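Undergrad: With the hints as your guide, set chain L onto chain Z.
Chains as they are written, first to last, in the working numbering: chain Z, 1 to 534; chain L, 1 to 534.
Don't read these hints as lab results, they were simulated from the structure.
The hints are all genuine.
The list treats identical chains as interchangeable, and a pair is accepted whether it falls inside one copy or across any two copies.
When the alpha-carbon atoms are kept at most 27 angstroms apart in a straight line, the in silico DSS-like pairs for lysine-lysine are as follows:
(1) Lys96 <-> Lys405
(2) Lys122 <-> Lys96
(3) Lys405 <-> Lys445
(4) Lys436 <-> Lys276
(5) Lys308 <-> Lys451
(6) Lys93 <-> Lys354
(7) Lys436 <-> Lys93
(8) Lys224 <-> Lys264
(9) Lys204 <-> Lys258
Since the model is a prediction, treat every value here as computed from it, not as a measurement.
2 protein chains.
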Amino acid sequence: MAYNLKVGKLLHDTNQAGYPMDTNQTRRIAVIDLGSNTTRLIIMETRLGFSYRLVDEVREVTRLRQGLTSQGLSKKAIARGLSTLRLYMDFCKQTKVDQVLATATSAVRDAANGPAFLKRIKKELGLSIQLLDGDKEAYYDTLGALNEVELQQGVVLDIGGGSIQLSQVKNRSFTKGVSLPLGALALTDLFITSDPLSNKEFEKINQEITRQLETINWLSEKKKEPLVGLGGTIRNLALIEATRQKYPLHTQHGFILKRSSVAKSIKIFRELPLDKRQIIPGLSSDRADIILPGAMVLLAVMDRLKAKSLELSVNGLREGVFLELFWSHLDPPIIPSVKHFSVLNLARNYNYEKEHANHVSFLAGRLFEQLTPLHDLGAKERDMLYAAALLHDLGRIIGYTSHHKHSQTLLEYNGIPGYTPRETALIALLCRYHRKGRPVISDYKLLLNKKDQIILQRLSSILRVAECLERGRNANVTDVIATWDKENLRLTLIATQYPAVELWQTARNAGPLLSIAFEKEISLDSFSPPLNSA
Amino acid sequence: MAYNLKVGKLLHDTNQAGYPMDTNQTRRIAVIDLGSNTTRLIIMETRLGFSYRLVDEVREVTRLRQGLTSQGLSKKAIARGLSTLRLYMDFCKQTKVDQVLATATSAVRDAANGPAFLKRIKKELGLSIQLLDGDKEAYYDTLGALNEVELQQGVVLDIGGGSIQLSQVKNRSFTKGVSLPLGALALTDLFITSDPLSNKEFEKINQEITRQLETINWLSEKKKEPLVGLGGTIRNLALIEATRQKYPLHTQHGFILKRSSVAKSIKIFRELPLDKRQIIPGLSSDRADIILPGAMVLLAVMDRLKAKSLELSVNGLREGVFLELFWSHLDPPIIPSVKHFSVLNLARNYNYEKEHANHVSFLAGRLFEQLTPLHDLGAKERDMLYAAALLHDLGRIIGYTSHHKHSQTLLEYNGIPGYTPRETALIALLCRYHRKGRPVISDYKLLLNKKDQIILQRLSSILRVAECLERGRNANVTDVIATWDKENLRLTLIATQYPAVELWQTARNAGPLLSIAFEKEISLDSFSPPLNSA
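Next comes chain Z alone, as it looks inside the complex:
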C-alpha cells in the first residue's frame, strides 16, 4: 500500500545509500505514562527509524485515582505521584536516557487540579507531561496497535484502569477515537461493594456499559470488522486463555482471544470470591479485584461489533508515543508492512551477521523458487523461509553451543509481529533445525498439524542446504541450480573456488533431509566459472 513520506525514504538494509538515519547513534528514549492505577516507565534502546527494543521497565502502583473528589486528586495521591516521578527522573539520569516523553491520561485528565499538578511536576522535576484528551489517547493506542498488527480496517479497543478508548481505523490509519469512563478500576469504584459480585451490581454495571457505548454513533457501522484489543485487562484475559490452552509460545503477539473465552472467564469470575480469583492461572493477582468489570466491557464491545474474536496488541499507548518519534519520517508514523520490519528489527537488535544471513537467504530463495513445481508452496511460506534465513543464528548471543535451541527460545519469547502464531512457531522450528536433526512439529502441537509437518520438512531442507553452502562464510557458492527428473534431484553449485567442503557438508548434513522432503535421490556437483569471465 502507498504511504506518505515526510522526508527521505523508508530504510531497508539493502538500500543503505548513505541515508542519514542509518548512521544514528544508539539512543535511550524513555516514555513515562501517568495513569489512574499505575505509573509506568519504559526505556527503549533505539536507532531511530532502524531498530528498537525494550530494555527497562518500571511499574509503580501509584493509585492516582484513589481519593479523587470533585476538588481533584488527593494530597496523598499527589505525594505518591511526585515521589514516583522523582525516582523515574533519577533512574533516567543515572541510566543516561537521552530523551523523556511523558503523558498523563484519566485521573489527571478528570481532576480539577490536574493541570496544576502537571505544572508542579514541571517546576519541581523539570519534566514536561503531555495531558492527553480522549481522542489523543485513542490515537496513541492506535499508533501502537497498527505498528504491530497488519490491520487495514476495523476497531482498536483499549481497556484501561480509568477509561477505555475506542478507535476507528480505515486504510491503515486512525480516523477517529473516543474515551469513555468505563475503565476497570473506575467501574469497580463506582459500582462494586459485594464479593463475589451480586446479580444486582452485575446488572447495574451492564446498564452503565450499554448507556456509555450507545453514545458512540460510529460503532455500529463497524460491525463484523476486525477488532484489535490492548491494555492490561485484555492482556490478562488473553493470558488466562493461553494458560488454559497450554499455549506453546511465550509471546502474546498475534494471540487470538475468542468471545467464548471471555464469556467463560466472566462466568468463573462471577462465581469466585477475591482470594480465589487471585490464584486463577494467568491472572495477575493485583488485577483480580478489577478484572470482572473489565471483562464485561470487553464482552459488551465484542457483542456490539458482532466480533467472534479479537487480535491482541502487546503494544499500547506507551509504544505508540515512542513510535511516533521512531517513525517520524513517515506520515502517518506507521510502517506499511509489519512483518518485514519485525524480522529486520529482531535481526538488528541481536546483532545478526548481515552478510552471512543475506547470502543464506539468497541461496535459500533460489532453491525455493526453482523447486516450486515440486513443493507447491507460496508467498507465505516464502516469507517464513526469509525470516528463518535472517534469524536462525540469533541464538548465538546467548551462547554458541546449542545456539539453534537458543534461536528457537528467542522467537518463542519475542514473537515476530506480523506473522501469525502458527507462522511464528514454524519459523522457530526452522531455526531449531537449521543445522541437524529431524524436524518435527511436536513442540507446538497446539498450533501445527500434519500439513505443517510437510511444510516444515520442505523449508528445513532448503534452509539447511543454503546453510551448508555458506559454510565458509565467504559467499564462495554464488548460486545453486536445481534440476530433476522422476527419480533424481541434482544441485549444481556455482562457486568461485572448487567447493570441496561445501559439497561434502551438504551431502552429509543436508542431503538426507532434502531426499526425504522431495522424495528423490540427491546428487551434487559444481561448476566454477573461469576467472576472467564476469
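TA: Positioned in the frame of chain Z, the structure of chain L alone reads:
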C-alpha cells in the same frame, strides 16, 4: 594461593587503576586443531585478560588417520586436510579474525610425512601449525582443565581419537605429562572387527591398555587423588549419564561422572550392535563406532587410580591453547580462583550494568553479614549470593520481559565454572526469583534438597531487598542497618534523599518473603544524613 605474575597485576573490576589490559579492544582469536578424526576451528571473542566467549565453532570430520601407512598420511587424507584448512582460513578472513593459533597432534605427529604436510600448509595457506609432542599436548589439555576446575593436586586425562594424554598436577600446576597411542579411533582401527565386540577382542584391547598404562611409572603415586577428564569420549559418556539421570542443567561444567556409570555403559555397549548404539540417548551417533574402546580406557585409568569418579572439564586442548594467550600476564597462565573469574566473565560477556550490579551486591552483602546470627550461613553461601547479585539481570540481553527466567536459562546453559552443579542451580534460582514469586527448588529436584530450600529462601529474600533498595538505579540507599528482637526485624535504610519509593517497594515486594525466611515481623524506616556531613 600465591601466583606469579610476569607483568602487572591481576585485573579485577574494582581495581581498575588504569591497568593497560583493561582498555583492550575486543579481538577475535581463532584456534585450529588438526586431530586424527576431526579438524576443529573455534573462534573466541575476547578482551585479553578480561573476558572471553566462544562465538563460532566449525567441526569437519577430516579423518586424517584414514589410510595412514608407514609412508604417512594418505593422499586423500592430505587433500581433505588442505580443503578443510583452506575453508577455515577463508572463514577467519571473512569474519575478521585477528589471530590464528593452530596445532596438530596425533596422526600428523605419527606420520612420516607429517612435517612435510605442515610445510605445505604453510606454503599454500600461510598458516603456521605448531606440531605438539605428547608432553606438550598434555600440557595444553591441563591448561584448559585447570582454568575450569579448582584442582590443586591430581591427574588430568584426555581421551582423544588418536591418542590419550595423562598429566600430573601439583600445586595447581602442570608438572609432567605423557601421550599414549590409546585413542578411541586408534584402538578401533587396530583391534575391532566384530560388532558387537567379541569377548576375544575385548580381552585383547584390555591387554593393550594395561600394557601401555604400565609404562607410566608415576600413575600409581597418584592413587586416590582427584581425576579430571576431558575430550570427546568422556564428554559423551557424561552426556549419556546426564540423560539417564535427567540431569536438570544443560551445561556439563562440574559434572561428576562415576566409575559405576562408566562400567554400566560398557556393559550396554558390549551387548548392542552399532545401529542400536547409535540411538543410545546422549551418545553422538557418529561416535557410536568408537565409544566402547574409549570407555574401556577410562575405566582402566580410573581403576589404576582407584578413582570412584571424575570431574568433567568442558575445556580441552583448544581452550588451553587460547588461554595461554589470554592469561599470558600470569605465570603459569592459570587463574588462581576459577569461580570468581567465571562470574565476572559471564557478567562482562553479557554487558552487565556494573554500577547497578555492584551496588546490589554491596547492599546484599551488608544484609548477609549483619543477619549471620539469624541465618547461620557461611562463605559458600556468601559466594552464591555474590554471583546472583552480579548475574541476575543478564537475561535482559534476551529480552526485558521475563528477564528473570532468561537469566536462569543463561546459567543453565553456560554454567559457572568453579561453582558446583548444586551451587549453580541455586544461583540460577536466585536469579529466577530476584523480583517476585515464591522461591522453590522444584526445577532442580535432582540436585537440591530441603536444606537447600531454606538456603534459597534466605538468600532470595536478602537479594530481593537489595534489588528493591536499588530501584532508582541511583545508589540513593547507601547502606542498610538490620536490628531485631524475638518478634521483629527492622531494616533502616540510610539514604541520600528520602527513599519513599524504595520503602514502599521493599514493603510490598520483599517484605513478605523476608518475613517468611527469617520468621519475624518486618518493619522499615529510613535515615537521611544532613547534607553537610561527610
